[in-house]
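Going down the list, the sequences are from chains S and Z. Quick note on this note's numbering: the first sequence kicks off at 968 and runs consecutively. Quick note on this note's numbering: the second sequence kicks off at 968 and runs consecutively.
No lab work stands behind these hints, which were simulated from the structure alone. No experiment lies behind these values; they were computed from the predicted model shown. You may find that some hints are simply not true.
[Claimed, not checked] Computed Cβ-Cβ distance ranges for the label pairs, DEER-style:
#1 S:G1249 to Z:G999: 48 to 58 Å
#2 S:E1224 to Z:E1164: 16 to 26 Å
#3 S:E1112 to Z:G999: 50 to 60 Å
#4 Z:K1113 to S:A980: 28 to 38 Å
#5 Z:E1112 to S:E1043: 48 to 58 Å
#6 Z:P1107 to S:S979: 49 to 59 Å
[To be verified] Incomplete in silico selection of chain S near chain Z, CB under 8 Å:
#7 K1002
#8 T1047
#9 L1048
#10 R1052
#11 Q1053
#12 R1213
[Said to hold, decoys possible] Some chain S residues flagged as far from chain Z (calculated, every beta-carbon gap over 10 Å):
#13 S1013
#14 A1130
#15 K1250
Note that beta-carbon positions come from the ideal geometry of N, C-alpha and C, so glycine has one too.
Number of protein chains: 2
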Amino acid sequence: METSTLRGKHLSARPGMESGAAFIDGEVVPIGEAKISILDTGFSRSDVTYDVVGLWEGAFFRLDYHLDRFERSCRELRMTLPYDRQEIVDILTELVVASDLRDSYVEVICTRGIINPSRDPRTFENRFYAYAVPFVWLLPEDEGEKGMEAIIARTVERISPRAIDPTVKNFHWGDLNKALYEAYDRGARYPILLNAEGNVTEGAGYNVFALIDGRLLTPASGTLRGGTQKTVIELAEAEGIPTEIRDVPEAEFRQGEELFSTTTAGGVMPITSLDGEPVGDGKVGPVTRKLRDLYWAAHRDPRYITPVDYPDAPR
Amino acid sequence: METSTLRGKHLSARPGMESGAAFIDGEVVPIGEAKISILDTGFSRSDVTYDVVGLWEGAFFRLDYHLDRFERSCRELRMTLPYDRQEIVDILTELVVASDLRDSYVEVICTRGIINPSRDPRTFENRFYAYAVPFVWLLPEDEGEKGMEAIIARTVERISPRAIDPTVKNFHWGDLNKALYEAYDRGARYPILLNAEGNVTEGAGYNVFALIDGRLLTPASGTLRGGTQKTVIELAEAEGIPTEIRDVPEAEFRQGEELFSTTTAGGVMPITSLDGEPVGDGKVGPVTRKLRDLYWAAHRDPRYITPVDYPDAPR
């Protein structure tokens, strides 16, 4: 456990940044003023990767894991980050201190950069952006017992890994967006997408798990290898719950006695209905509950956290 | 042929906008100052559609066709444009007059809007942006006789229409970007992507055609139905050259006596080599040349153009 601090620089909360702060073009600005060029190919070609780190009770959760993955994503896209690891940690620290957030959704972004007349992406200057905003709950915080109403999307399939590598975290959300609208049309809020072979992949920003005969299954391909997914697998295995990362056909997924999803933006989220039918008895299952409790307990585990050295006394 | 003008408003070229002008949040600004929020889901979820209109010798080319397609794309994504057709024409006119451009690449963009705590895209306020910059030549203007060195991409396949509808013009360019880098690695600059079935789709921003036994073939699925593609089909048919819009297997495409690509950003562009081998004799073929000439001649055809009423005498 090491403490993160911006060495040699006085840090403090800044007025006007209560809703969040962003790092744009070398400056820390209020999130409402955080803007990027319309000619940044991160926008106009979605030529961008990103990652999200949770900050909980004033400590980053699995910071190195997320920054390792982010750096790998940049390498895969042949982008070069303009800042090294320590500089990025310093920037993120400055953002959460400036906004005085203790529970925060912290995003790091690298884009190919602004297009130039050559239109050759190898010549663009890669850009780094970051921001910290209040913690995001993909399933609203007061709906933890209600759980998610999910659907298996019928109108769209997940983008193939042969077209876009889903392990490089990306903003290609067109399929997920379409599935979201299908969910709304069907009276639900949380879509799950299949791939062309009919296997379950992931939802709109979350991995999924099924508990079948005491084993936890989670899809192996066509999905991001999520950080929360990874943590849950580690916690399950420590509890003696076997896990399998492999192809999960739709029919098998539907046999789940318990279903849940995982994301940094909310942790372990029970899926209590699927296509309008209750999952199990329609309540949060015991294994899901156990893993959810363990997940939040891990947020105080020194092995996982990087406390921020706030200048003021804890609130 | 109708003249486009911003009624009831004095228009003039503005200093500082020679490199282009943009319409952002209701204001016309120099292109270098055109910025969008980092929380706009057009960026952070690529939840956006766009279209491009060419301006040539002071006249928009097929303005209504492009704006029709743009409005259809918005409807398909269930977005509502905050401006009607005439207002959009007025904005585009203001942009090209402000920048005093006579040959311009004019882009219209609609995004889902800025994310809010509900994270429900139905509640976001859809945003319209536009900009005009100097005309873009995807194949540099002085390389028209040299033509394009193309490759068939091997490392990536085109995103499936079952995941993302390619007829709704979008910024999901991850597959195209990867193919571009493959082209560079192989000593070329212009990739062409196959779909999962091994049929030719399109390139990084352009449709493709093959001339085989006097017939023009162009892929039917997995591609944008391009505006320049459409114009070329119309011009070819008027010349008595039969055209077929259908699946084109890779092997058949390779039999092309002539190959060319089409895009607003450059028109009809000869493909003179494929995977390092010359196409035909490696020179611009007669049908390609004929269609390229007809394409540019059409830019003076009153049926196709909408002249801009510039306040100053023509330069």
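Could you tell me which of the hints above the structure violates, numbers in ascending order? 2, 4, 5, 8, 9, 10, 11, 12, 13, 14
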